[in-house]
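Count the sequence shown with our numbering and you get residues 3 to 623, in order.
Treat the hints as calculated values from the structure; they're not laboratory data.
Take these hints with a grain of salt, some might be off.
[Unchecked claim] Calculated lysine-lysine pairs in the DSS-like style (CA-CA distance at most 27 Å, straight line):
1. K603 x K78
2. K580 x K553
3. K553 x K603
4. K64 x K535
5. K619 x K553
6. K93 x K287
7. K163 x K93
8. K121 x K64
9. K553 x K474
10. K322 x K346
11. K64 x K100
12. K580 x K4
This structure is a prediction, so every number in the text was calculated from the model and none was measured.
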Amino acid sequence: MKPDNLEHFENLSNITCGNNSIVVQSTRMNFEHNNYISQLWKYSRGSWKKIKSGANNYTQPKYSSETNSLFFIQSKRNDSNKNFKPLNSLKVQHSSGKTDVIFETEDAITEYIVSKNNKFVYLVTKEWNEEYKNIEDKNDEPKYYESLPFRFDTLGVIFNKRSHIYKINLTTNKASTLVNGDKEDLLSIDSLHLIGSTLYFVGNKHNEQGTMLTEKIGRVDGNKISYINEGGMLGNLFSINDQLHAVGLRNRFDWPTNTSILKFSNKGKLSFLEHTFDRNVEMAKVYDQNIYCLFEDSGKKLLRNVTKKENLIDDKITIKDFDILNDEIFVIANSFSQPDEVFKIVNGNLEKISLANHYFNTKVKTHETIYHRIDTGESEIDTWGIFVGKDKPTLLNIHGGPASQYGFTFFDEFQTYATAGFNVIACNPRGSTGRGHDFLRDVCGKNWGVKDAHDVVTSFKKMVRKMGIENKNYGIMGGSYGGFMTSWVIGHNNKLFKSAIVERALINWETMVGTSDIGIGFPEMYLLSDMEKDLNFYRKKSPISVASNIKTPTLIIHSEEDYRCPVEQAEQLFSNLKRRGIESAMLRFPGESHELSRSGKPIHRKQRFEHIINWHKKYLT
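Given these sequences and hints, build the entire structure.
Structural data, given as structure tokens:
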């Protein structure tokens with residue numbers, strides 16, 4: 003596929019079942035207006051039809067189990083009007099077809115749930131203010147702090163945005179503020195769940211020391227707000243037999259480790275529901291007294307019946323979301339060369355029931371993958387490749403995290419580079435998810451930049467031989483942790499790769515501490531040491547310490563509003579390379595965040611691809 007083909011890809015999400023129907027959200031890019039378009043599709047009686055489309059965006063569909071009414075969010079799009087103010091609406095479409103407006107706000111609606119008796123909706127908003135767009139032009143009052151806030155996802159110190167919970171009476175449509183985010187100091191609310199008339203939520207609050215955000219389980223009884231747990235890394239609340247559960251970590255400072263399914267006692271104490279299941283859990287739902295979850299496994303993302311301890315499917319796929327209707331399980335899934343579609347699980351196999359990306363498949367050529375588990379001498383590493391020719395140059399791609407995974411999933415990056423004429427190789431080195439707790443933690447402390455670098459380079463060399471590639475023009479690239487590893491590798495081995503792209507990278511641990519939105523506790527979790535006590539170790543484990551060895555032509559890509567890896571990280575590396583006369587360039591994207599490659603403005607995502615391809619072609623072809 004080519005960068006222009008991104009516009010044809012339908013990204014499916016938010017599957018919901020009810021009223022003998024299935025509804026999914028479909029989102030695609032629009033280059034003309036430089037935005038994203040989200041629509042709703044309904045599957046009923048063997049056919050699909052578009053039910054919500056047009057000038058606005060439609061997201062977060064949810065069926066009410068009591069009335070079979072379909073709830074959804076409608077958002078007005080800003081195509082070009084500079085004076086545009088958002089208007090976000092929670093709406094409900096009744097089984098009769100009539101649609102009513104329940105709630106409207108200029109703030110973002112990030113989450114909502116409907117009570118089982120269909121009498122109330124509980125809804126979360128995130129503050130939005132147009133003045134944030136021009137905050138640098140404002141003559142604002144100074145901000146005074148006695149605690150150590152930080153700017154997680156542009157929260158807190160940047161804009162001081164807060165989240166609020168409203169309770170809406172569906173009979174009168176009257177809304178009341180249930181939880182005031184300003185009063186409770188709630189930067190975000192990630193999940194809502196009802197047990198009877200008691201509302202539970204996951205709220206992120208400031209920590210006095212600013213080490214990390216403090217996640218608390220909030221409980222609302224009537225007008226009384228209390229907190230039953232804090233300190234974990236939690237989300238996706240659910241219950242079974244009126245017992246509260248969550249997906250997450252018992253203690254945030256256990257990171258990196260697998261997220262698990264946790265059970266809460268009435269007093270807030272945590273226990274593992276299935277602690278022997280040594281895989282990373284992403285999401286869970288309850289149906290007919292059974293708990294189902296998505297989990298990562300060696301590059302796959304699969305569905306498991308937790309209650310029966312059974313995997314429902316074992317295929318080389320990625321399941322993004324699922325729901326259950328009349329005992330039938332429906333999923334949104336994709337594979338390496340096949341983009342998103344809706345499937346029904348039948349006897350452990352996937353039966354496709356949608357053609358959301360039929361046009362994309364007819365217009366765009368995709369490439370099949372080659373998979374090997376490579377023995378690096380120290381570990382066995384899951385490795386993937388796309389072969390376009392033995393005489394073609396090859397790109398090594400390194401994922402972020404490091405607690406994440408590449409795998410059997412449709413990834414526009416790999417397809418685009420292959421179409422541009424490059425063989426593509428990617429792997430999951432030690433430190434990745436999908437291989438258990440010990441594999442995930444094996445890069446901590448003194449192993450940081452040692453075992454993972456060994457896996458990345460060794461698996462690449464062996465995969466090149468297995469694929470029969472004879473051209474020795476190799477490029478290396480990666481973002482975030484992948485950017486760290488790219489700069490780390492070319493700083494230790496300046497002869498293997500002839501071009502490099504370092505994107506949104508961690509370059510210097512020392513300057514990351516206290517400036518990154520991830521908090522000052524994150525480096526300690528990976529390096530297993532206190533910077534104040536062992537500053538030399540932090541410097542030793544930073545790519546800036548080996549930057550003087552880099553001779554590889556390097557393109558540095560960074561977003562100017564990246565608060566995860568602040569832009570000064572990129573500037574440190576760029577100034578080092580230019581000062582020494584190394585062929586290098588810096589590409590900066592205004593108004594973009596750490597998520598540029600995944601959710602940035604469509605035009606910027608296209609331009610990014612074009613610069614990446616041109617850079618590698620310049621030095622590899």
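Evaluation of the provided hints:
{"no.": "1", "hint": "K603 x K78", "result": "17 Å, holds"}
{"no.": "2", "hint": "K580 x K553", "result": "11 Å, holds"}
{"no.": "3", "hint": "K553 x K603", "result": "33 Å, violated"}
{"no.": "4", "hint": "K64 x K535", "result": "51 Å, violated"}
{"no.": "5", "hint": "K619 x K553", "result": "18 Å, holds"}
{"no.": "6", "hint": "K93 x K287", "result": "24 Å, holds"}
{"no.": "7", "hint": "K163 x K93", "result": "25 Å, holds"}
{"no.": "8", "hint": "K121 x K64", "result": "15 Å, holds"}
{"no.": "9", "hint": "K553 x K474", "result": "17 Å, holds"}
{"no.": "10", "hint": "K322 x K346", "result": "13 Å, holds"}
{"no.": "11", "hint": "K64 x K100", "result": "16 Å, holds"}
{"no.": "12", "hint": "K580 x K4", "result": "32 Å, violated"}
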